[in-house]
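Keeping the supplied structure of chain A fixed, place chain B upon it in accordance with the hints.
Line by line, the protein sequences are chains A and B. With the numbering used here applied, the first sequence corresponds to residues 1 to 133, in that order. With the numbering used here applied, the second sequence corresponds to residues 134 to 266, in that order.
Fair warning: there could be bad hints in the mix.
[Said to hold, decoys possible] What the simulated footprint calls covered on chain B by chain A, stretch by stretch (three residues with Cβ under 8 Å from a Cβ of chain A suffice, anywhere in the stretch; the number is not a length):
1) 167-178
2) 211-218
3) 239-251
FYI, nobody ran anything at the bench for these hints, they're computed from the structure. This structure is a prediction, so every number in the text was calculated from the model and none was measured. C-beta atoms are modelled at their ideal positions from N, C-alpha and C, and glycine is treated no differently.
Protein chains: 2
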Amino acid sequence: MTTKNLINFKSLGDARGDLVALESERNIPFHVKRVYYLFGTNSGESRGYHAHKKLRQVAICVAGKCRMVLDDGKIRDEFWLSQPTVGIMIDQLVWHEMHDFSDDCVLLVLADDYYDESDYVRDYDNFIKQVSF
Amino acid sequence: MTTKNLINFKSLGDARGDLVALESERNIPFHVKRVYYLFGTNSGESRGYHAHKKLRQVAICVAGKCRMVLDDGKIRDEFWLSQPTVGIMIDQLVWHEMHDFSDDCVLLVLADDYYDESDYVRDYDNFIKQVSF
Chain A
1 MTTKNLINFK SLGDARGDLV ALESERNIPF HVKRVYYLFG TNSGESRGYH AHKKLRQVAI
61 CVAGKCRMVL DDGKIRDEFW LSQPTVGIMI DQLVWHEMHD FSDDCVLLVL ADDYYDESDY
121 VRDYDNFIKQ VSF
Chain B
134 MTTKNLINFK SLGDARGDLV ALESERNIPF HVKRVYYLFG TNSGESRGYH AHKKLRQVAI
194 CVAGKCRMVL DDGKIRDEFW LSQPTVGIMI DQLVWHEMHD FSDDCVLLVL ADDYYDESDY
254 VRDYDNFIKQ VSF
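So here's chain A without its partners, still in its complex pose (with noise of 0.2 Å):
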């Protein structure tokens, strides 16, 4: 695993101001279901924790920042989210963990479908055993 994650989105921004968009099919690579963004997060607090067996999502901090940890089963790779043009594909299966969010850190996720419980793996040795098949 590699920054090979990260999708830079191009900033429409004129004389006004920045704009990105997002778009299902098209820069984002599958059709949007839900979106969901993390925001007021208490400080030292952690997030995620898990991995999805179908879920894909793409994360971007469009406020402030955070670090996320995504770990495959074989490489466990860390990248800073800080930039509204910069967002970070979490596949299925990647166990992934975000961490060091800042007061003003309002992390944007767009998912490929609603929320499913039953689609979540919780545990890290479960998580291991699935990605070892």
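Relative to the frame of chain A, chain B by itself:
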């Protein structure tokens, strides 16, 4: 036109922080095809000044605030968007303007179609003619 255009989103947050989820054809009344966000808007700049013939949108300030003006040709109303849990529906043939962006404003917009310049009505007199029929 009244505050009926406002949509309150539940925060699914817990002790870690807040999370708002927007779902196509659930709490968003259309299938989301395009997501865009305005940020880094220069002080004193306004945006919008158009209506759409067909496009439907929901706008939310996920950080900071701005003042949204909506005008259906009969009533001109305005709202401060300042909470990540409050969205505003911008329906077809509603003239909209955004003013007084705070420096930290990130205005997130969900739309039911891709960008299409031919869908824009950028002249106010032309807009008034279109809604008068």
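Hint check:
no.: 1; hint: 167-178; in the structure: holds (count 10)
no.: 2; hint: 211-218; in the structure: violated (count 1)
no.: 3; hint: 239-251; in the structure: holds (count 5)
Of the numbered hints given earlier, the model fails hint 2 alone.
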